Amino acid sequence: MTCSEFLKELTDYLDGVIDDRTKKELDEHLLWCHNCYVVCNTTKRTIEIYRGSELYELPDDLRTKLRTAIVAKCQEQKPKS
Amino acid sequence: MEAIESKVGEPTDESVLVDAARKGDIGAFESLVKRYDRNVFRIAQHITQNREDAEDVVQDAFLKAYQNLGQFQGQSKFYTWLVRIAVNEALMRLRRRRPERMVSLDEDVKTEEDSMPREIADWTPNPEQQYTQGELKDILSRTIQGLPASFRTVFVLRDVEGLSTEETADALGLSIPAVKSRLLRARLQLRERLNKYFKKKRDGDGTQ
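These protein sequence lines are chains U and A, in that order.
When we follow our numbering, the leftmost residue of the first sequence carries the number 1, and every step to the right adds one.
When we follow our numbering, the leftmost residue of the second sequence carries the number 1, and every step to the right adds one.
No wet-lab data here; the hints were simulated from the structure.
Fair warning: this is a prediction, and the values are worked out from it, not measured in the lab.
Any given hint could be a false lead.
The following label-pair restraints were derived from C-beta to C-beta distances [claimed, not checked]:
1. U/C33 with A/T132: 33 to 41 Å
2. A/R97 with U/V71: 22 to 30 Å
3. A/K201 with U/N35: 18 to 26 Å
4. A/K200 with U/T64: 41 to 49 Å
By construction, the Cβ of each residue, glycine as well, lies at the ideal position given by its N, Cα and C atoms.
Can you build the whole structure from these sequences, using the hints too?
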């Protein structure tokens, strides 16, 4: 397996949706290819960091304000059938 | 992931709320708003990269959903249907703000070359702990801003909101291979850009 073949499968590998045979080939590639090992690890960390970052959380006061506005607008009209 | 998990075991069955809202029960619709407003806001701000636009997207997306509940067939989940409406609203606002740039989910930006790793460096064990929470958010926000809108959108739905590949494809009207290709490139480009903040310091070169 070459490094570009490894990269092509990286997303499925990280998501754990890959068949056993391909996974074995990827695992073997990682054993000897330090560059792919680093790319794989840091990509995994990238996902974890974004997922845990609480970036763009909706503050409670703004949340209430938006919900009140939505409900008021909905009250002005009924859903189209 | 958390967002998806928190939906499991909600006390009221979603289809009951959707049916009631369709008949004009505002309280039922408000429950749906409470359930998903945080998710819609996050998605909208990731795409528009603008707080005011994200607020408008939340309001407009829920209002449109309410008005068009009659068209919701129940073949997909209500949340996936809502995300589709929100993504369209967000992209529309982004186009308005940046008319000089083509903003489309169909854009297939450049070639595979743009995502090939150029710098390969180990990161420190807990890179995010080198920064305060505010600094980290600033880094992550600036980094994701640099991605094309179509990559940002797929990344936020799959990796931040935890939608499956199939749900993401459904919400965006893209094929599964298109979602996978954009996701891979988004992940690799973000990784590359985060290198400069998170890589291990080497003695003497002064870089981080």
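Each hint, compared with the structure:
1. U/C33 with A/T132: 33 to 41 Å: For U/C33 and A/T132 the Cβ distance comes to about 35 Å; the hint holds.
2. A/R97 with U/V71: 22 to 30 Å: Holds, at about 28 Å.
3. A/K201 with U/N35: 18 to 26 Å: Between A/K201 and U/N35, where Cβ atoms are some 20 Å apart, the hint holds.
4. A/K200 with U/T64: 41 to 49 Å: Taking Cβ atoms as reference, A/K200 and U/T64 lie about 44 Å apart, which means the hint holds.
Checked against the numbered hints listed earlier, the structure breaks none of them; every hint is satisfied.
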